[in-house]
Each structure stands twice: as structure tokens, then as C-alpha cells.
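Colleague: Start counting the sequence shown at 1; every next residue gets the next number (our numbering).
Keep in mind the hints are simulated off the structure, nothing from the lab.
Since we're looking at a predicted model, the values are computed, not measured.
Keep in mind that a hint or two might mislead.
[Claimed, not checked] Using 25 Å as the maximum straight-line C-alpha spacing, the simulated SDA-like pairs for lysine to any residue come out as follows:
| # | residue 1 | residue 2 |
| --- | --- | --- |
| 1 | Lys287 | Asn120 |
| 2 | Lys438 | Asn160 |
| 3 | Lys377 | Asn120 |
| 4 | Lys174 | Lys438 |
| 5 | Lys287 | Lys174 |
| 6 | Lys64 | Pro299 |
| 7 | Lys287 | Gly317 |
| 8 | Lys377 | Lys95 |
| 9 | Lys95 | Lys287 |
| 10 | Lys67 | Ser110 |
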Amino acid sequence: MNNQRLLTGLLALALSGAVTCAFGQDSLMITLDQLFETAENHSRQLRPSFSAEEKARREVSVAKAAKLPDIGASLSLSYIGDGFTIRRNFSDYQKAPIPHLGNSLGVTVSQPVFAGGAINAAIDLAELKLTASRYATELQRDNIRFMLTGFYLDIYKYSNLRGVVESSISQARKMLEEMEARYRQGVALRNDITRYELFLSNLELQLVKINNTLNILNSNLVSIAGLPESAVIKPDPGILEGALPSQGEAVWQADASVNAPSIRLAQSKVEISRKAETLTRSGLMPKIGLQAAWNAEGPVLTEVPPINRNLSYWYVGVGVSYNISSLFKSNKDIALNRAATANAADELAAVREDTELSVRGDYIRYLEAYEELKTRKVGVELAERNYSTVATRYSVDMALITDMLDAANAKLDAEQQLVNARIDIIYYYYKLLFTSGKI
């Protein structure tokens, strides 16, 4: 393989690779499912989603607590100074002794009976927010899994590319030895040696860049998955051997319409907006509750002279309250909620459309990857045939060492492209799983 072809292949792989993760120094062969499970338990990227879900769960408990009675108790002690009496014209001052120790003890109980549906609506709203939080967690989990899949497959690709470059370096060194021997025999030019020395130098630089890329990908991968920094991930080669299901686009579209977290999250937002409308309408209704209280206060200051005793009394009854201002304020809030519901419905329609288009595009790429695999298989057969022919001609001095090297590199490049084609099939399969909410 010549220098230009190699550099072109390197550039293509660099552009197709996602930002990926890798591990430190302890080699660890791990499957994608194991990687997903590890990230589920240890990824710091998921912790905010879990804590948000727990917060939403607590909010449901708070909303349900509104059904419980409100019970209050009060106790106060006070010092009461002496009073005095005077005429209406503020003359004839006379001191009026009053017991100095004042106390008040009271207990009140209020049980809501009817609140226009506000309490139940608030509970339903909190539960809907909890459901939305779960969908948000699922969406974040799927994003992390798909990100890890991209990193995992990129490590596989770059590892294969490193093998190709290392093989090319080995063959280039072998060719240099042959050329130097020919140069000593006077049948080769020094310029040819210099050219291949430059070619070898470029290959060694590319190998350094590939190793650095693998280190970056490995570091990102272990960080997101929550694995030890010292681990070095080695993808399971068996990932290329598994048979993938060949279901049609309609099946993927049906799965996406039901399982895609992005769609379910958008649906929950519509339901939340509708429930918020119900909660706002409850403000137009009166609030009714049962009330009971007991009080004991002393001294009795309503008598002259004051009575140094506690006056105790209790009552039970029904309390009714109504916010009159809601008649001219709630209609604006209801209109705002209706607009929010309409906006949420529009967002749901847009998410459905985006998901449908994504599934269609991913499915087309998935089928395309199979076609590319067929082409790459033919390419490997042709490269092996070409390598065999050049090797036969080289053995009888009918081909140059450069022809032999080009044929070997072409064979290695074809094998690399074949492996990458298989990886592309797996990538688009997992992309379909991600888009349809089944990853």
C-alpha cells in the first residue's frame, strides 16, 4: 500500500470515529452488555438522573400529605401589667389591679373535605412528574449506552488500524533492508532508499497518533462507565460473530413509537400540562373543611374587675372559603396552561417525526452496511488473489519488492476494511436499538 493510500485510510477512520474511552494498564476484555451493567451501577453521568427521580418521588409523598388533617397547638405565657380607668374626658384616674400571669393554651384541627379537586390533581401532577423523571432517566441511560457503544467499537477499529500500520512498518523495514542490499550491489538508487525511509517515518508517526487516540478513547470510556482508571479495555472479538435479527423497518418504527424514551418523555409533558390545567381550574371552586378547636385562656379580662381564672371553650364546625379574585384571575392562568398544553403537544409531534426519520435513516444505513460487507468480502478475495500472483512473480524475479509490498499492504487494507464493515453493521444495529428505545 502506497503512502497516499495509507494516509487516506487513516483520515477516513479518524473522521468516522466518535470521541471514545479507554483504560489504563490492566487489560480487561469486556462485552458490551457487561459494560452497560457497569455503567448502570457506577457511572457518575447517571447519578443526577437518579437523584432527580428520588426528588420527584419525595414530591409525591408531600402532595399526598395534603390529604392529612392540619393539627396545631399553641401555648403562651405573658406578664400583664395593671390597668387603670379614667373618665371619658381623661380625668379621675383610678388604678385597676389585674392578675399579672397570663396564659393561653389552644389546639386546632382542620380536615379538608372538598378543595375543588386541587389535592387529587396535585397528587396526580406529582406522580406524572415522577413518571417523566423516570423517562428522563431512561433517556440518559440510553444516551450513555449508545455513547459507550460508539467508544467500544471505535477502540476495536483503531486497534485493527494499529495492526495494519504495524504490519506496514514491519514490511517497510524489510523492504529497506532489501533495497540497502541492492544498493551495496549497485542495482538500487540511494534516492529510493531515502524515499522509503521517509515513508517509514510517516508510518511511525501515524502509529504514535493511533496509540494516543486509543489512550484518549480508553480514558473517556472508563470514566463514563465508572471503571478503574488503570483498566485497559479490550473489546470482545466475539461481537463480530453474533447473528443480528433481520426485521423490517415497520417493526423498528412500531417499537420506536412505543418504547422510545424521547417520545414517552414528550407524552408525559403533555399529560403534565393537562393536569396543570385541572389544578388551575380547581381554584374556581370553594374550599370546604371540618374544623375543631379547644382553647383555655386566663385571666378573663373581659370582666371588671378581671377574673383570675381560665376560660375554656371548644367548638366543631364546617369552614367554607372562596377566593373571589379567582373569578377574574384564574381565566388567565387557565389560558396559559392551555397554551402550554398545545406547545407540549406540538413538541410531541415533532419528537415523533424526528424519531421516525431517525429510524428510517438508521435502517437504510443498516442495510447499506450489509451491502458494504459483501463488497469488502469480494475485495479481500481479489486482494488475496493479487497477493498470491505477485508473490509467485516475485519468487521468479518478475516483480519488484515494491510490488510485493504494495500487494501485501493492499491485502492488509482489504482485511481491515472487511472488519470495519462488520463493525459498521453492529454500530447501526445498536443505533436502531438506541433510536427505538431498546438498547
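Colleague: Which numbered hints are broken by the structure, listed smallest first?
Modeller: 2, 3, 4, 5, 6, 8, 9
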